[in-house]
Amino acid sequence: MEEKKYETIFCIINAGFSETVMDAAREAGARGGTVMSGHGTANKEAEQLYKITVQSEKEIVMIIVESKIKDEVLKAINKAAGLNSPGRGIVFSLPVTRAVGLAGNQSEGTEKNA
Amino acid sequence: MNQIKVKKPIFRQKKSEKSTSPIKLELLITVVEKKKADFYADLIQSYNANMQLKVLARGAAGSEILEYLGLAATDKIVLLSPVRKDKRDEIMDALEEKFKTIKNGKGISVAIPLSSVIGKQVFGFLADDERLIKE
Chain D
0 MEEKKYETIF
10 CIINAGFSET
20 VMDAAREAGA
30 RGGTVMSGHG
40 TANKEAEQLY
50 KITVQSEKEI
60 VMIIVESKIK
70 DEVLKAINKA
80 AGLNSPGRGI
90 VFSLPVTRAV
100 GLAGNQSEGT
110 EKNA
Chain F
0 MNQIKVKKPI
10 FRQKKSEKST
20 SPIKLELLIT
30 VVEKKKADFY
40 ADLIQSYNAN
50 MQLKVLARGA
60 AGSEILEYLG
70 LAATDKIVLL
80 SPVRKDKRDE
90 IMDALEEKFK
100 TIKNGKGISV
110 AIPLSSVIGK
120 QVFGFLADDE
130 RLIKE
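For the record, the sequence lines run as chains D and F.
Numbered by numbering that gives the first Met the number 0, the letters in the first sequence go through residues 0 to 113 in order.
Numbered by numbering that gives the first Met the number 0, the letters in the second sequence go through residues 0 to 134 in order.
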């Protein structure tokens with residue numbers, strides 16, 4: 000059976016924008032995700048100088064996707080909720096060496112060169 | 000005019016300081032129902048994973064998928080557990096078994112390689128390597 004490779008996409012975004020991220024990810028082929036709450040920090044002096052307020056309440060969206068659609072999902076999230084959007088999202092992905100428990104996945108050993 | 004030449008200190012890592020541990024670490028990210036979090040944390044810990052971080056989270060799957068999977072509740076816990084690479088498969092096999100057999104115990108788990116850890120003691124703690132215990 001062909002082995003599937005996975006990547007974990009993380010998106011750190013202003014609170015309240017996780018659905019925007021998930022909608023974009025779903026359109027690009029992702030099936031689901033997990034949302035965690037976080038607290039961001041910024042340089043206070045720079046904020047005052049540039050008269051910009053960085054929202055400190057953040058959400059971290061974690062989405063596990065097949066490697067072959069990773070780029071599409073990253074691009075879709077960046078377009079919908081990237082740094083130039085109100086969500087001010089930072090998106091990155093990390094390699095997965097093995098995954099278990101994913102729906103519709105029977106062959107989860109994915110490690111080739113780790 | 001005489002110029003005083005100041006030698007810049009050169010920081011070089013001594014050969015003896017280079018990381019030579021054959022033990023590699025991976026970060027196990029496990030997402031489970033909130034009610035089952037303690038059970039899975041204990042399960043992972045039973046494989047000598049000395050540290051677990053529990054983060055409150057919520058699921059973001061579409062309702063159709065939730066229905067398909069039988070996951071009504073969306074309150075989740077994300078368990079972050081640094082584990083030894085050589086123990087990873089053993090732990091993930093156990094998790095997979097429990098995901099399939101325990102009622103309302105469905106979840107997902109992925110392993111992500113860690114590139115470096117600073118501090119011998121910290122590494123010893125995470126890798127459960129007693130040789131690195133400070134006397």
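These are calculated hints, taken from the structure and not from any lab test.
Please note: incorrect hints may appear among the correct ones.
As the list claims (entries may be wrong) - DSS-like cross-link-like pairs, simulated, lysine-lysine; straight-line CA separation at most 30 angstroms:
{"id": "1", "chain 1": "F", "residue 1": "LYS23", "chain 2": "F", "residue 2": "LYS53"}
{"id": "2", "chain 1": "F", "residue 1": "LYS53", "chain 2": "D", "residue 2": "LYS4"}
{"id": "3", "chain 1": "F", "residue 1": "LYS34", "chain 2": "F", "residue 2": "LYS86"}
{"id": "4", "chain 1": "F", "residue 1": "LYS86", "chain 2": "D", "residue 2": "LYS3"}
{"id": "5", "chain 1": "F", "residue 1": "LYS53", "chain 2": "D", "residue 2": "LYS3"}
{"id": "6", "chain 1": "D", "residue 1": "LYS4", "chain 2": "F", "residue 2": "LYS33"}
{"id": "7", "chain 1": "D", "residue 1": "LYS78", "chain 2": "D", "residue 2": "LYS50"}
{"id": "8", "chain 1": "D", "residue 1": "LYS67", "chain 2": "F", "residue 2": "LYS105"}
{"id": "9", "chain 1": "D", "residue 1": "LYS67", "chain 2": "F", "residue 2": "LYS34"}
{"id": "10", "chain 1": "F", "residue 1": "LYS35", "chain 2": "D", "residue 2": "LYS3"}
{"id": "11", "chain 1": "F", "residue 1": "LYS99", "chain 2": "D", "residue 2": "LYS78"}
{"id": "12", "chain 1": "D", "residue 1": "LYS3", "chain 2": "F", "residue 2": "LYS119"}
{"id": "13", "chain 1": "D", "residue 1": "LYS3", "chain 2": "F", "residue 2": "LYS99"}
{"id": "14", "chain 1": "F", "residue 1": "LYS53", "chain 2": "F", "residue 2": "LYS86"}
{"id": "15", "chain 1": "F", "residue 1": "LYS102", "chain 2": "D", "residue 2": "LYS4"}
{"id": "16", "chain 1": "F", "residue 1": "LYS53", "chain 2": "F", "residue 2": "LYS97"}
{"id": "17", "chain 1": "F", "residue 1": "LYS86", "chain 2": "D", "residue 2": "LYS4"}
{"id": "18", "chain 1": "D", "residue 1": "LYS3", "chain 2": "F", "residue 2": "LYS84"}
{"id": "19", "chain 1": "F", "residue 1": "LYS23", "chain 2": "D", "residue 2": "LYS67"}
{"id": "20", "chain 1": "F", "residue 1": "LYS105", "chain 2": "F", "residue 2": "LYS86"}
{"id": "21", "chain 1": "F", "residue 1": "LYS23", "chain 2": "F", "residue 2": "LYS102"}
{"id": "22", "chain 1": "F", "residue 1": "LYS34", "chain 2": "D", "residue 2": "LYS43"}
{"id": "23", "chain 1": "D", "residue 1": "LYS67", "chain 2": "F", "residue 2": "LYS99"}
{"id": "24", "chain 1": "D", "residue 1": "LYS4", "chain 2": "F", "residue 2": "LYS99"}
{"id": "25", "chain 1": "F", "residue 1": "LYS99", "chain 2": "F", "residue 2": "LYS86"}
{"id": "26", "chain 1": "D", "residue 1": "LYS67", "chain 2": "F", "residue 2": "LYS119"}
{"id": "27", "chain 1": "D", "residue 1": "LYS43", "chain 2": "D", "residue 2": "LYS67"}
{"id": "28", "chain 1": "D", "residue 1": "LYS4", "chain 2": "F", "residue 2": "LYS97"}
{"id": "29", "chain 1": "D", "residue 1": "LYS3", "chain 2": "F", "residue 2": "LYS102"}
{"id": "30", "chain 1": "D", "residue 1": "LYS4", "chain 2": "F", "residue 2": "LYS23"}
{"id": "31", "chain 1": "F", "residue 1": "LYS105", "chain 2": "D", "residue 2": "LYS3"}
{"id": "32", "chain 1": "F", "residue 1": "LYS35", "chain 2": "D", "residue 2": "LYS4"}
Said to hold, decoys possible - Some chain F residues flagged as far from chain D (calculated, every beta-carbon gap over 10 angstroms):
{"id": "33", "residue": "PRO21"}
{"id": "34", "residue": "ILE22"}
{"id": "35", "residue": "LYS35"}
{"id": "36", "residue": "ASN47"}
{"id": "37", "residue": "ASP88"}
{"id": "38", "residue": "GLN120"}
{"id": "39", "residue": "LEU131"}
Yeah, the Cβ is synthetic: ideal placement off N, Cα and C, and Gly gets one too.
Take the C-alpha atoms of LYS3(D) and LYS119(F), compute the straight-line distance between them, and say whether it is at most 30 angstroms.
-> violated (35 angstroms)
For the pair we were handed, LYS105(F) and LYS86(F), check the Cα-Cα distance against 30 angstroms.
-> This hinted pair holds, its Cα atoms lying about 22 angstroms apart.
Are LYS86(F) and LYS3(D) close enough, with their CA atoms no more than 30 angstroms apart?
-> holds (21 angstroms)
Taking 30 angstroms as the top limit, are the C-alpha atoms of LYS34(F) and LYS43(D) close enough?
-> violated (39 angstroms)
Does the structure keep LYS4(D) and LYS23(F) at a Cα separation of 30 angstroms or less?
-> holds (20 angstroms)
For the pair we were handed, LYS4(D) and LYS33(F), check the Cα-Cα distance against 30 angstroms.
-> holds (27 angstroms)
Are the Cα positions of LYS35(F) and LYS4(D) separated by 30 angstroms at most?
-> Holds - the C-alpha atoms of LYS4(D) and LYS35(F) are around 27 angstroms apart, at most 30 angstroms.
30 angstroms Cα cutoff - pair LYS35(F), LYS3(D) = holds (28 angstroms)
Taken at face value, is the distance from the CA of LYS102(F) to the CA of LYS3(D) at most 30 angstroms?
-> holds (27 angstroms)
Do the alpha carbons of LYS78(D) and LYS50(D) lie within 30 angstroms of each other, as the hint requires?
-> The hint holds at about 25 angstroms.
Within 30 angstroms, alpha carbon to alpha carbon, are LYS53(F) and LYS86(F)?
-> holds (20 angstroms)
Assess, step by step, whether the Cα of LYS23(F) is no farther than 30 angstroms from the Cα of LYS67(D), and give holds or violated.
-> Since the Cα atoms of LYS23(F) and LYS67(D) sit roughly 27 angstroms apart, the hinted pair holds (cutoff 30 angstroms).
Hint compliance for this structure: hints 9, 11, 12, 21, 22, 26, 27, 37 are not met, and every other hint is.
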